[in-house]
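Engineer: Starting from the known structure of chain A, arrange chain B on it as the hints suggest.
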Amino acid sequence: MKLKQTAGRQHHAGPVTYVLLGLAALVSLFPLYWNLVAASHTGERVVEAPAPLLPGPRLFENLTFAWNQVDMGEALVNTTIVAGLVAVSTVVFSTLAGFAFAKLPFRGRNVLLALVVATMTIPPQLSVIPLYQIITDLGWVDQLQSVVLPSLVAAFGVFFMRQYLLEALPIELIEAARVDGAHSLRIIWHVVFPVARPAMAVLGMLIFVQAWNDFFWPFIALTPDGNPTLQVALAGLGSGNHTINQAIVLTGALISTVPLLLVFALLGKHIVGGITSGAVKS
Amino acid sequence: MATSVRAAADGTPPPAPPPPPASRKTTPPPARTGWRSKLYRWDLKATPYVFVAPFFLCFAAFGLFPLIYTGWLSLHRVELGGEPEWRGFDNYTALWDSDFFWNALANTFTIGVISTVPQLLMALGLAHLLNYKLRGRGFLRVAVLAPYATSIAAATLVFAQLFNSDYGLINTVLGWVGFEPVSWESSKWPAQIAISVIVTWRWTGYNALIYLAAMQAVPQDLYEAASLDGASRWRQFVSVTIPSIRPTILFTIVVSTIGATQLFGEPMLFGGSLGVSGGSGNQFQTLSLLMYEKGWVTGALGQASAIAWVMLLLLLLIGGLRLLVARVNRRKLGA
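Going line by line, the protein sequences match chains A and B. Under full-length UniProt numbering, the first residue of the first sequence carries the number 1, and numbering increases by one thereafter. Under full-length UniProt numbering, the first residue of the second sequence carries the number 1, and numbering increases by one thereafter.
Same shape as in the complex, but just chain A:
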């Protein structure tokens, strides 16, 4: 009789499971909560033992100061522009290439696909020195195009869209369109994009998050006092400038985190689905 209960993996969770999962959720969320707490106190209070555990009265003043004096507002606008452009362009180019790799026969397809996958392992450290020389020559230090152009398309995105279209797009649909005399651009617009739309949305969100949080190359190409993204501005705040107190530093961190957390709270389920579908098939 016990057999029936233990067969299968979808057991009901017991109290221990809930306690452990509650602990995991607490550990995951507490640093974010404490960020809010620290951003709502004075700089002196944040660096006083014992550290505050409840929100204080200074959030609004700190936000105003970070916005006006440290120019987190400009950084927020820059980051939105960069992440938006990178996400849109990566999604469009990845869908085109992913479609070709999934459904169009052409010579060299397998070799080229293997090459796409191989490029995923090359770290940015191997390109930043020449790129830095180039943007210095062009006078592009502190220009947003320096961080947008190298990220216009990503190997991960190409692979992600290919995996999705391989299963989601029936070849008959393309053949039908061809018999009707549709050329490739029409097929992309009227057949591929509509079918790919759910995956494009997920990829867009993943790339947006990644571009929003990107650190290494933006930190080299932009400067905290020039025309920074949020991450570069935060790096400036965190590098030990003594005129800025810790409450303001953490207010900056809060400003950079809250927009993405809102997106996650609203669309979290889809992002969870996207992460799992993209990774497992590889």
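You may find that some hints are simply not true.
In silico lysine-lysine, DSSO-like type, Cα no more than 30 angstroms apart, as pairs [as the list claims (entries may be wrong)]:
id : chain 1 : residue 1 : chain 2 : residue 2
1  : B       : 133       : A       : 103
2  : B       : 133       : A       : 269
3  : A       : 103       : A       : 269
No lab work stands behind these hints: they were computed from the structure. All figures in this text were calculated on a predicted structure; none of them were measured in a lab.
Structural biologist: This is chain B only, laid out in the frame that chain A set:
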């Protein structure tokens, strides 16, 4: 939207050859006029290349060319704006003789191990727990993924406060259970552990969700067979779940290892004003930090390029090991 298109396709008769005669007004391809069929054939042939071109152009310009050029620079003495001077392998032999390089290599390795191994083990456990039938499942999944949405910079700045030796919450809590305060920044192992905690915090939930998806794809009958054989739940986890999701585990190991070799933002911002050198005694300087210090603080771009290429060689080594493991696995399955 997607379903409506698919439904429309199902509604039409199969368009594959031969098309039903006279059922369509449009003429089939062979009957087209010369230039149209030529255009059609050109479209079929060239389109795939046009579609993959943006990726490869972008990779050539911002990936491959810089990679090769970095290799060329690594054989020179270079300063920004100056002419490169040929130095052969001097930059590499200088690295070989440099204590800073070996220190950074060792730190990259130890931080990599401390941040990756517990992270993946905890992710595996977390995925197992999330795989139960749960109330509040959606909330729990999004909650454990929230750290992934937090940037390296924001997470590190928050944790730097929590880990502060004088007033940080972590030392306060350790004090409650009777521990002496730990100097998280200035001692070597505590600093490396603190940095690893930041990495682990950001990535555990993400990896857990990847494992969870793989676990849910394991066929139900495997568990039924195991429980008929009297296997306990733990036994089922070890002998059914783990082997079934082995490719996914290998995937996450490779991804985390690659991430660990590039570690930069966490140690740099954790160290505050001493971040670039990885603390007062370079106790947490990684290869990426050393490369940045050489290139952008010292201005020796040739030496920085050599470090970048050493990182590439390390990654190739990891890639080779991965292939080897995959081959051994396949042989085991074949036997």
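Engineer: Does each hint hold? Answer for all of them.
Structural biologist: Evaluation of the provided hints:
Restraint check: the Cα-Cα separation between residue 133 of chain B and residue 103 of chain A comes to about 38 angstroms, which exceeds 30 angstroms; the hinted pair is violated. A C-alpha spacing of about 17 angstroms is found between residue 133 of chain B and residue 269 of chain A, which places the hinted pair at or below 30 angstroms, so the restraint holds. Restraint check: the Cα-Cα separation between residue 103 of chain A and residue 269 of chain A comes to about 29 angstroms, which is no more than 30 angstroms; the hinted pair holds.
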